[in-house]
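Peer 1: Residues per chain, in single letters:
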Amino acid sequence: EADIYQTPRYLVIGTGKKITLECSQTMGHDKMYWYQQDPGMELHLIHYSYGVNSTEKGDLSSESTVSRIRTEHFPLTLESARPSHTSQYLCASSESAESDYEQYFGPGTRLTVT
Amino acid sequence: SQQGEEDPQALSIQEGENATMNCSYKTSIINLQWYRQNSGRGLVHLILIRSNEREKHSGRLRVTLDTSKKSSSLLITASRAADTASYFCATGNYGQNFVFGPGTRLSVLP
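These protein sequence lines map, in sequence, to chains A and B. Going by my numbering, the first residue of the first sequence is number 1, and it counts up by one from there. Going by my numbering, the first residue of the second sequence is number 1, and it counts up by one from there.
Some hints could be false.
As the list claims (entries may be wrong) - Straight-line Cα separation of at most 20 Å, DMTMM-like style, residue types lysine to aspartate or glutamate; simulated pairs:
#1 Lys26/B / Glu42/A
#2 Lys56/B / Asp100/A
#3 Lys26/B / Glu5/B
#4 Lys70/B / Glu55/B
#5 Lys56/B / Asp83/B
#6 Lys26/B / Asp7/B
#7 Lys56/B / Glu102/A
#8 Lys31/A / Glu95/A
#9 Lys31/A / Asp100/A
#10 Lys18/A / Glu63/A
#11 Lys70/B / Glu5/B
#12 Lys69/B / Glu55/B
#13 Lys70/B / Asp100/A
#14 Lys31/A / Asp59/A
#15 Lys26/B / Asp59/A
It should be emphasised that the hints constitute simulated quantities derived from the structure, not laboratory data.
Given only the sequences and the hints, what does the whole structure look like? Please build it.
Peer 2: So, in structure tokens, the structure goes:
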């Protein structure tokens with residue numbers, strides 16, 4: 001099992017609420033990622049970070065924001081949740097930005113916005 | 001447009017049979033990785049094959065890469081019920097993030 005954690009695992013929340021999805025890794029990895037995945041579908045990269053104070057937008061436009069104040073922590077925030085945000089959110093990390101390195105994934109947060 | 005695309009989308013086999021999944025991609029790559037995802041969980045890395053390699057083995061897994069056809073295949077031999085999962089390929093290139101395909105959903109029936 002990879003040392004990367006996500007909380008909560010499941011979240012059901014009403015429209016308009018602000019939420020933060022937590023992601024932490026204890027492997028000291030520099031690069032971290034957030035993916036959005038609908039059931040049975042492919043992963044879409046929404047945010048990534050090369051290290052502390054680095055945040056970049058991914059290939060899929062997202063209304064969420066991220067921060068990277070500490071190496072081990074990469075939280076994702078939605079200021080005002082909407083039903084269209086219902087999805088599974090996967091956090092991942094890798095030792096290096098080089099693509100030769102595998103990504104380690106957390107268990108995911110399944111978000112439902114009612 | 002997506003880089004990697006797995007085929008078939010879904011595959012159902014009996015325990016003990018072999019399962020083969022394919023991944024095709026569009027642009028040149030430096031490596032290709034295969035991941036497994038159990039239902040409702042995160043992805044787990046299975047194997048990485050570099051562009052200068054043609055075949056790699058890991059336990060019951062065999063991966064091939066044909067850069068001229070821009071395709072890779074993942075073979076799982078003597079499948080088990082525990083192999084039931086979705087399998088994704090991810091292509092890697094210099095200075096770029098991985099691009100994951102839509103995955104193949106494998107069901108191994110006891």
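Peer 1: All hints, please: hold or fail.
Peer 2: Going through the hints against the structure:
no. : hint               : result
1   : Lys26/B / Glu42/A  : holds (16 Å)
2   : Lys56/B / Asp100/A : holds (15 Å)
3   : Lys26/B / Glu5/B   : holds (9 Å)
4   : Lys70/B / Glu55/B  : holds (14 Å)
5   : Lys56/B / Asp83/B  : holds (19 Å)
6   : Lys26/B / Asp7/B   : holds (14 Å)
7   : Lys56/B / Glu102/A : holds (16 Å)
8   : Lys31/A / Glu95/A  : holds (6 Å)
9   : Lys31/A / Asp100/A : holds (13 Å)
10  : Lys18/A / Glu63/A  : holds (12 Å)
11  : Lys70/B / Glu5/B   : holds (11 Å)
12  : Lys69/B / Glu55/B  : holds (14 Å)
13  : Lys70/B / Asp100/A : holds (18 Å)
14  : Lys31/A / Asp59/A  : holds (16 Å)
15  : Lys26/B / Asp59/A  : holds (17 Å)
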